[in-house]
Amino acid sequence: MPAEMPADTKAAVRDMVTVKLPADSAYLSVLRTATAGLAARLDFTLDEIEDLRIAVDEACAMLLAQAVPGTDLECQFELTGDAMRIAVSVLTVDGVEPSRDTFAWTVLSSLAGDVDSTVGADDRVTVMLRKRRGAAGAQ
Amino acid sequence: MTTSTLAIGPSRAPTPQRPEHTLVALHGELDLATTAVLRERLLATLHHGTRLLIIDLSGVSFCDAAGLTVLLGTQRRAAGLGITLSLAAPNPQVAKLLRITGLDRSLTVHPTLHDALASPPTRLPALTVERRPAGNAHRFDRPSPTARS
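Residue numbers (the working numbering), protein chains in the order written: chain A, 17 to 155; chain B, 108 to 256.
To be clear, the hints were calculated from the coordinates, so they are not data collected in a lab. Only a predicted model underlies this, so the values are computations on that prediction, with no experimental measurement involved. Keep in mind that a hint or two might mislead.
Calculated from the model, a selection of chain B residues having no Cβ within reach of chain A, i.e. all distances over 12 Å [what the hints assert, rightly or not]:
| id | residue |
| --- | --- |
| 1 | H134 |
| 2 | E136 |
| 3 | G166 |
| 4 | T176 |
| 5 | A186 |
| 6 | L188 |
| 7 | H217 |
| 8 | T219 |
Part of the chain A face toward chain B, derived, beta carbon under 8 Å [what the hints assert, rightly or not]:
| id | residue |
| --- | --- |
| 9 | S41 |
| 10 | A42 |
| 11 | L44 |
| 12 | S45 |
| 13 | L47 |
| 14 | E66 |
| 15 | D73 |
| 16 | A77 |
| 17 | A120 |
| 18 | T122 |
| 19 | S126 |
Just so you know, even glycine gets a beta-carbon here, dropped at the ideal spot from N, CA and C.
Input sequences plus hints: build the corresponding full structure.
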C-alpha cells in the first residue's frame, strides 16, 4: 500500500480488512486503534474517527458478554470511497441478539447511524454498523 | 499497548480547604477491561464522613457505556449513603457520551474541577457524620494498577 495516495484515487478505495482477536475485553483497545487507523485512511474527520472508535468498542463489548470462552472476535471492515461498513461477530452461548434497551446500543446507534444485528446458524451473533464520511451524527 | 489501562488516585489539582469531601482522579481508558477494578475502587471510597465524592475525569482519555454504567452505579450507591457524587472535567468525548445517553441529566457534571469543588453537595447526608479534616483526597497505592478482565 503506498504511503501517500493522490486525493482523487482515495474515492476509489474499496478494501476489505479483517481483524481477528481473542474474545477478551483486554483487546478492545487494540481494536479501537485499528478502527481509528482505517477511518483515517478514508479521510474521516477527527470527530468521525472518534465516533467510529466508540461505536466499534460498543459493538464488541455487547458481544463479549455472551461470547463462547476461548473463541475469537472477528471484525470485518469494508472500506468504500466515503463510507465504512463494519461487521463484528462472535460465537455465542445463547445466540441472542444484543438488547437494544441499553446505554451501549443507544451510544452505538447514535454514533454509527446505520446499525443492525443478526443471529446465524451456529449461534454466531453479528452486529453491523455503517458510517458515511460527512454524514450528520450525534453532536 | 495490548490492554486498556486505568489508574485511580489522588487528583494532582490543588485542593481548596473544604471539609467532608473525597476527591478521586481517574487516569486512562475506561472500558469493559477496566470497569471491574474501577467499580470496586470507587465503592471503596464511599464511607461515612464523606458528604461529597468528586470524580475528576480530566485524565480519562476514553470512556464507553460500560464506564458510564460504573459511574451511574457509584452514584446510586452513594445516594443510598447520603453522599452526593459529582463528575468533573470530562473531555469532549466523555461529555458527548453523557449527553447521548441522557446521563448528563441524572448525574451532576461540572465542566471543571474548580466548579465541582465550588459547588456544595446538593443533598444532606442520611446520617450524622463525623467531621473530617479538610481536603481528604483519597489515596491509593502506586504504581498505578493495570486492569485486566
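ask   = Looking back at the numbered hints, which does the structure fail to meet, lowest number first?
value = Checked against the structure, the hints that fail are numbers 2, 4 and 13, while the rest are satisfied.
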